[in-house]
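Chains as they are written, first to last, in numbering that gives the first Met the number 0: chain A, 0 to 379; chain B, 0 to 264.
Hints in this document: simulated from the structure, not taken from any laboratory.
From a predicted model like this one, the values you see are computed outputs, not experimental measurements.
Quick reminder that beta carbons are idealized off the backbone N, C-alpha and C, glycines included.
Among the hints, erroneous ones may be present.
Under the rule of at most 25 Å between Cα atoms (straight-line distance), these lysine-lysine pairs were calculated in the PhoX-like manner [what the hints assert, rightly or not]:
hint, chain 1, residue 1, chain 2, residue 2
1, B, Lys28, B, Lys158
2, A, Lys100, B, Lys230
3, A, Lys19, A, Lys56
4, B, Lys27, B, Lys158
5, B, Lys158, A, Lys56
6, B, Lys158, A, Lys123
7, B, Lys148, B, Lys12
8, B, Lys77, A, Lys56
9, A, Lys123, A, Lys100
10, B, Lys77, B, Lys241
11, A, Lys100, A, Lys197
12, A, Lys197, A, Lys123
13, B, Lys12, A, Lys100
14, A, Lys56, A, Lys100
Residues from chain A that keep clear of chain B, each with C-beta distances beyond 10 Å, as calculated [to be verified]:
hint, residue
15, Ala53
16, Glu55
17, Leu91
18, Ile176
19, Ala345
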Amino acid sequence: MASIENGADAWFKIEQGVFKAGGRWTITESARLDRQLRDFDAGSGDITAMDAGAVEKLDSSGAWLLLRTHRALEKAGRRVGALQVPERYASLLENLDRDDKKQGHGHPAPRMSPWHYRLYRIGKAAVEAGRQAWRMLGYLGRVTVETGEMLATPRKNLRFAAMAVQVEETGISALPIVGLLAFLIGIVLAYQGADQLKRFGAEIFTINLLGVGVLREIGGLITAIIVAGRSGSAFTAHLGSMRVNQEIDAMQTMGLNTVDTLVLPRVIGLVISLPLLTFYANIMALIGGAMMCYFDLGITIPVFLRQLNQAVDVGTLMVGLVKAPVFAFVIALVGCYEGFQVERNAASVGLLTTRSVVESVFLVIVLDAAFSVMFSVLGI
Amino acid sequence: MPAEKTQNGSAKKDVIIHVEGLVTGFGKKIIHDHLDLDVYRGEVLGVVGGSGSGKSVLLRTIIGLNAPREGVIEVFGKRAGQAEGSRMRSLEMRWGVLFQEGALFSSQTVAENIQVPLREYTSMSQELMDEIAAMKIALVGLPPDTAQKLPSELSGGMKKRAGLARALALDPELLFLDEPTSGLDPISANQFDELIAELQESLGLTVFMVTHDLDSLAAITDRIAVLVDKKIKTGTIEELRKDTTPWIHEYFSGPRGHAALAGLR
Numbered sequence: 000m001a002s003i004e005n006g007a008d009a010w011f012k013i014e015q016g017v018f019k020a021g022g023r024w025t026i027t028e029s030a031r032l033d034r035q036l037r038d039f040d041a042g043s044g045d046i047t048a049m050d051a052g053a054v055e056k057l058d059s060s061g062a063w064l065l066l067r068t069h070r071a072l073e074k075a076g077r078r079v080g081a082l083q084v085p086e087r088y089a090s091l092l093e094n095l096d097r098d099d100k101k102q103g104h105g106h107p108a109p110r111m112s113p114w115h116y117r118l119y120r121i122g123k124a125a126v127e128a129g130r131q132a133w134r135m136l137g138y139l140g141r142v143t144v145e146t147g148e149m150l151a152t153p154r155k156n157l158r159f160a161a162m163a164v165q166v167e168e169t170g171i172s173a174l175p176i177v178g179l180l181a182f183l184i185g186i187v188l189a190y191q192g193a194d195q196l197k198r199f200g201a202e203i204f205t206i207n208l209l210g211v212g213v214l215r216e217i218g219g220l221i222t223a224i225i226v227a228g229r230s231g232s233a234f235t236a237h238l239g240s241m242r243v244n245q246e247i248d249a250m251q252t253m254g255l256n257t258v259d260t261l262v263l264p265r266v267i268g269l270v271i272s273l274p275l276l277t278f279y280a281n282i283m284a285l286i287g288g289a290m291m292c293y294f295d296l297g298i299t300i301p302v303f304l305r306q307l308n309q310a311v312d313v314g315t316l317m318v319g320l321v322k323a324p325v326f327a328f329v330i331a332l333v334g335c336y337e338g339f340q341v342e343r344n345a346a347s348v349g350l351l352t353t354r355s356v357v358e359s360v361f362l363v364i365v366l367d368a369a370f371s372v373m374f375s376v377l378g379i
Numbered sequence: 000m001p002a003e004k005t006q007n008g009s010a011k012k013d014v015i016i017h018v019e020g021l022v023t024g025f026g027k028k029i030i031h032d033h034l035d036l037d038v039y040r041g042e043v044l045g046v047v048g049g050s051g052s053g054k055s056v057l058l059r060t061i062i063g064l065n066a067p068r069e070g071v072i073e074v075f076g077k078r079a080g081q082a083e084g085s086r087m088r089s090l091e092m093r094w095g096v097l098f099q100e101g102a103l104f105s106s107q108t109v110a111e112n113i114q115v116p117l118r119e120y121t122s123m124s125q126e127l128m129d130e131i132a133a134m135k136i137a138l139v140g141l142p143p144d145t146a147q148k149l150p151s152e153l154s155g156g157m158k159k160r161a162g163l164a165r166a167l168a169l170d171p172e173l174l175f176l177d178e179p180t181s182g183l184d185p186i187s188a189n190q191f192d193e194l195i196a197e198l199q200e201s202l203g204l205t206v207f208m209v210t211h212d213l214d215s216l217a218a219i220t221d222r223i224a225v226l227v228d229k230k231i232k233t234g235t236i237e238e239l240r241k242d243t244t245p246w247i248h249e250y251f252s253g254p255r256g257h258a259a260l261a262g263l264r
């Protein structure tokens with residue numbers, strides 16, 4: 000606490016039934032005065048008047064403490080009469096009393112018990128999650144309709160330049176990170192597979208594990224999750240900042256359709272780039288796996304390729320790739336939707352960006368599981 | 000409401016802000032060129048000037064957000080502006096600043112906003128802080144349920160009032176206002192002027208107010224400082240109306256000036 004030069008301390012005392020106050024009743028003294036005044040029992044003693052005539056300096060905090068004490072005394076049934084203060088502070092006290100009475104004292108809402116509060120929060124979160132899902136479904140419908148309209152008159156509504164920018168930002172710029180991570184995943188998968196399969200003398204099947212695992216599941220999933228973290232968050236943050244700046248309001252007043260101009264280029268751009276990225280990630284993971292097979296198991300590249308050819312076919316690749324546009328659609332949809340939910344304050348952008356990433360990763364994994372179930376039922 | 004102010008006019012004027020030979024600028028552009036200004040205790044000083052004349056820069060320089068190139072700035076008789084650490088803090092406790100848009104912390108409720116300086120500089124109990132916040136909210140004329148609202152739930156005028164409540168949290172002696180009535184409708188602006196005048200009187204504040212609003216100038220200021228040609232000219236409205244500097248003449252004698260000042264005479 001920084002200090003302020005402080006002449007006489009503030010004091011109060013009860014003398015022959017009179018509450019006397021003096022000194023500097025200012026904010027620097029108010030913490031101490033507050034404690035002492037709380038200890039002081041309004042109901043005790045026989046107080047007949049309140050005299051703060053000896054107060055040298057009074058600010059609004061000090062005035063509030065005097066006023067509060069005066070009210071407590073009156074409430075306790077004491078006839079204390081008017082609060083006496085030096086002439087120059089009379090208007091301050093009067094204003095304070097009037098403003099405060101006019102509005103009634105703002106008591107904070109009664110606090111809930113901790114258990115009640117926890118229950119309340121769980122219930123609130125559940126209701127909110129339900130509403131969120133409902134709104135998202137509505138948004139899905141809107142984007143679908145707009146996409147349909149756009150496809151009906153592509154020349155008029157399709158914004159190729161904006162879409163190309165999105166393909167570059169979400170696809171080409173993501174190549175290094177997606178490639179590196181897929182390569183590492185390939186190494187890890189091959190290494191762990193080889194370690195287990197060695198026990199049966201079936202090292203060669205590491206390649207089957209790698210091929211099927213990467214092409215059907217891992218490649219697509221890893222890529223989608225990276226892109227959700229990278230581009231989904233960027234969509235939300237970008238659209239959110241535009242909302243904070245009222246850019247989106249401005250667009251609407253100019254008659255620009257925000258779904259057409261902002262959402263569709265992102266959705267379509269990502270739907271184009273994610274399958275390509277997934278294919279690229281598959282190749283990188285296989286290269287990583289092949290390297291590991293060569294160094295760890297001594298399997299040469301020709302042997303690796305021959306085994307891979309037996310293990311997988313184009314169908315395996317397609318099973319993985321067919322999921323990518325769906326993941327892309329969901330990631331872009333959630334990213335844009337949350338961006339439009341941003342309110343005009345600084346905390347909101349961060350909050351919704353987090354939510355956007357969590358939701359899109361969650362949905363990607365749920366959809367992946369749904370695909371697995373569907374494919375096994377269909378016998379693919 | 001205008002004209003009669005209790006504190007000034009007495010024998011010796013007590014200088015609260017003393018600016019001497021102030022030079023500020025950005026890059027090659029000089030904004031203030033050896034500018035002098037004194038603000039006296041208990042007065043309301045209105046600072047006016049054309050767009051880009053450096054009104055806000057002057058305010059920011061005095062409260063230490065901008066570094067001056069040259070010159071002396073004294074507030075409460077102490078060097079300010081570039082005072083370091085603890086010395087600056089002890090000054091900051093004695094003034095309150097209301098920024099143009101209120102500058103409320105967006106993640107905190109109004110009550111929490113008001114309590115930020117209280118928590119930082121005093122050892123009050125939470126109970127007292129709640130009471131003080133409620134009192135300040137009443138003082139600036141906001142309804143009590145504002146306490147629990149977030150700044151994003153408030154209108155522009157309410158944000159300014161809440162910002163004023165926060166600026167008043169530590170019971171400052173000196174209040175800086177940056178365009179307090181800009182963006183308000185005329186009725187809210189009038190009410191805000193009245194509020195400032197009332198608070199100034201009952202809390203004995205000194206007010207340094209940057210404004211564009213001729214009506215507020217006429218209604219609540221004791222003296223006016225006009226920024227022209229990188230310097231400052233001070234005087235009462237009557238004195239400045241007789242001034243022949245083109246900008247000042249234009250300002251007070253233009254159609255808006257006439258309308259605002261018509262009520263005075």
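Tested hints:
For the given pair, Lys28(B) sits about 34 Å from Lys158(B) by alpha-carbon distance, which is inconsistent with the 25 Å threshold. Of the pairs offered as hints, the one joining Lys100(A) and Lys230(B) is violated, with about 47 Å between alpha carbons and a cut-off of 25 Å exceeded. For the suggested pair Lys19(A) and Lys56(A), the alpha carbons sit about 15 Å apart, so the restraint of at most 25 Å is met. Using a Cα cut-off of 25 Å, the hinted pair Lys27(B) and Lys158(B) is violated, with the two alpha carbons roughly 36 Å apart.
Only pairs whose Cα atoms come within 25 Å are accepted, and Lys158(B) paired with Lys56(A) is rejected, the gap being roughly 30 Å. Restraint check for Lys158(B) and Lys123(A): the C-alpha separation of about 29 Å exceeds 25 Å, so the hint is violated. A C-alpha spacing of about 42 Å is found between Lys148(B) and Lys12(B), which places the hinted pair above 25 Å, so the restraint is violated. Of the pairs offered as hints, the one joining Lys77(B) and Lys56(A) holds, with about 22 Å between alpha carbons and a cut-off of 25 Å not exceeded.
Our distance criterion of 25 Å between C-alpha atoms is broken by Lys123(A) and Lys100(A), whose separation comes to about 35 Å. Distance check on the hinted pair: Lys77(B) and Lys241(B) sit about 35 Å apart at the alpha-carbon level, beyond 25 Å; violated. Restraint check: the Cα-Cα separation between Lys100(A) and Lys197(A) comes to about 84 Å, which exceeds 25 Å; the hinted pair is violated. Pair hint Lys197(A) plus Lys123(A) does not hold up; C-alpha atoms about 53 Å apart against a cutoff of 25 Å.
For the hint linking Lys12(B) to Lys100(A), the alpha-carbon distance of about 37 Å lies beyond 25 Å, and the restraint is violated. Taken as a hint, the Lys56(A) and Lys100(A) pair is honoured in the structure, with Cα atoms around 24 Å apart against an allowance of 25 Å. Non-interface status of Ala53(A) relative to chain B is upheld: no Cβ of that chain comes within 10 Å, the nearest being about 19 Å off. Every C-beta of chain B lies more than 10 Å from that of Glu55(A), the closest at about 13 Å, which supports listing it as non-interface.
Its beta-carbon lying about 4 Å from the closest one in chain B, Leu91(A) breaks the requirement of being farther than 10 Å from that chain. Remark: the non-interface label on Ile176(A) is consistent with the geometry, its nearest Cβ contact in chain B lying 32 Å away (cut-off 10 Å). A beta-carbon of chain B is positioned within 10 Å of the beta-carbon of Ala345(A); the least distance is around 5 Å.
Violated hints for the displayed structure, listed by number in ascending order: 1, 2, 4, 5, 6, 7, 9, 10, 11, 12, 13, 17 and 19.
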